[in-house]
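Asks: As you go down the protein sequences, you meet chains A and B in turn. In terms of full-length UniProt numbering, the first sequence opens at residue 1 and continues consecutively. In terms of full-length UniProt numbering, the second sequence opens at residue 1 and continues consecutively.
Derived from the structure by calculation, the hints contain no laboratory data. Glycine included, each C-beta is placed from N, C-alpha and C at the ideal position. Be careful, since some hints might not be right.
[Stated by the list, open to error] Facing chain B, according to a computed beta carbon distance under 10 Å, are these residues of chain A, among others:
#: 1; residue: A2
#: 2; residue: E13
#: 3; residue: S27
#: 4; residue: E86
#: 5; residue: A88
#: 6; residue: L89
#: 7; residue: E93
#: 8; residue: R104
#: 9; residue: F105
#: 10; residue: Y108
#: 11; residue: L110
#: 12; residue: V111
#: 13; residue: D131
[As the list claims (entries may be wrong)] Covered stretches of chain A, going by a simulated chain B footprint (3 or more residues, C-beta under 8 Å):
#: 14; stretch: 30–38
#: 15; stretch: 48–62
#: 16; stretch: 112–119
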Amino acid sequence: MASTLESLETQLEMFIENVRQIRIIVSDFQPQGQNVLNQKIQALVTGLQEVDKLRSQVQDVHVPLEVFDYIDNGRNPQLYTKDCIEKALTKNEQVKGKIDSYRRFKSYLLVELNNVFPNELAKYRALRGDDRPIS
Amino acid sequence: MMMGDQFRTKVEPYSPKSSPRGARSPVVSRQDSTGTLKATISLGKNPSIVHSGPFYLMKEPPAESDLTGAVNLMAYYGLEHTYSKFSGKKVKEQLSSFLPNLPGIIDTPGHQDNSSLRSVIEKPPHVGKELRPLSSVQLAGFRLHPGPLPEQYRYVNQAPMKKHKSRHKKHKHKGGEGVGGGGGELSAGEGGGEAHEKKHKKTKRHDDEKERKKRKKEKKRKKAKHSPEGATGGLTPSQHSNG
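Pulled out of the complex, with its shape left as it was, chain A reads as follows (with noise of 0.2 Å):
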């Protein structure tokens, strides 16, 4: 896949580069430029035959729709990446919170339960199998 994408890349170098050249051929045209020209808009032809050939190679890329507006609005996206990752930090640390919380909970609870109804919570933890000892 890697492969592809590098010769994807390439390919659109290539045509981008052969653009450029067409704009400055084009920017102060000469008449024996015309050849030269005709070579560069044939070139174009033929890159986007290149290009259209690596199309069903890549069918399997899958680009996430956000990251097109971070280009549309010419911006790195690479913040995407680093915007995700982030997020998914964040939350990350967020749920982690809450799973200690509630066992924080959980063994508070256990305990002042122990407190009031010793026996029944005997019992109960005996049905759950927890034989750990309440702290």
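Given the coordinates of chain A, work out where chain B should sit on it, guided by the hints.
Replies: Chain B only, in chain A's frame:
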């Protein structure tokens, strides 16, 4: 009369349709979803009685999954390197810093010049036609008049000078064959760019040297001022302020 009607509507709930348990008969056994029973009796081919113990509302706890949010998922999926890569250094905001080789101004919003990727999704281009090289007759349509472009088109999409420079360098390194195949004016343009770059570098170097010399002179002056301290192995200015 009205009162009587109201009373009747209140009395009607005795019918099975409006009973609190719905239309089901209370005789039929069913799973204890409310947890109010100590034992659940199920009839049918295999009648059984399941004791739910001495506690009301007791249910089986949910199965514990191996992977939860309590685990550091970044480490679990081996993304720590990616995280440190993006969190450690500051990622440049502009799109041009991600695609430095791309000519033209690409940092402007795409919807301004109809170059947005969204528009490609929303209005997909017509595809399916075979791409063929242009015939000589078709190429005749690209015959141009000699001379420069009108002013309004000349600087359209031209990148700022700073970025242009780095781009030239990269292109030179990547593939000389593309540029070499260009017309006379093309190679001249490229050469001009290089010459300009060299000149710029030279002047920069020259300026750097001047600055260095200035700094040296200043240091000498300072040393001369602090000469008695210097002899005793005096402190640097920063150390002075600290001490």
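Asks: Work down the list of hints and note, for each, if the structure agrees.
Replies: Now for the hints, and whether the structure bears them out:
no.	hint	result
1	A2	violated, 16 Å
2	E13	holds, 6 Å
3	S27	holds, 5 Å
4	E86	holds, 7 Å
5	A88	holds, 7 Å
6	L89	holds, 6 Å
7	E93	holds, 9 Å
8	R104	violated, 12 Å
9	F105	violated, 14 Å
10	Y108	violated, 18 Å
11	L110	violated, 14 Å
12	V111	violated, 19 Å
13	D131	violated, 16 Å
14	30–38	holds (count 8)
15	48–62	holds (count 3)
16	112–119	violated (count 0)
In terms of the numbered hints stated before, the structure departs from hints 1, 8, 9, 10, 11, 12, 13 and 16, listed from lowest to highest.
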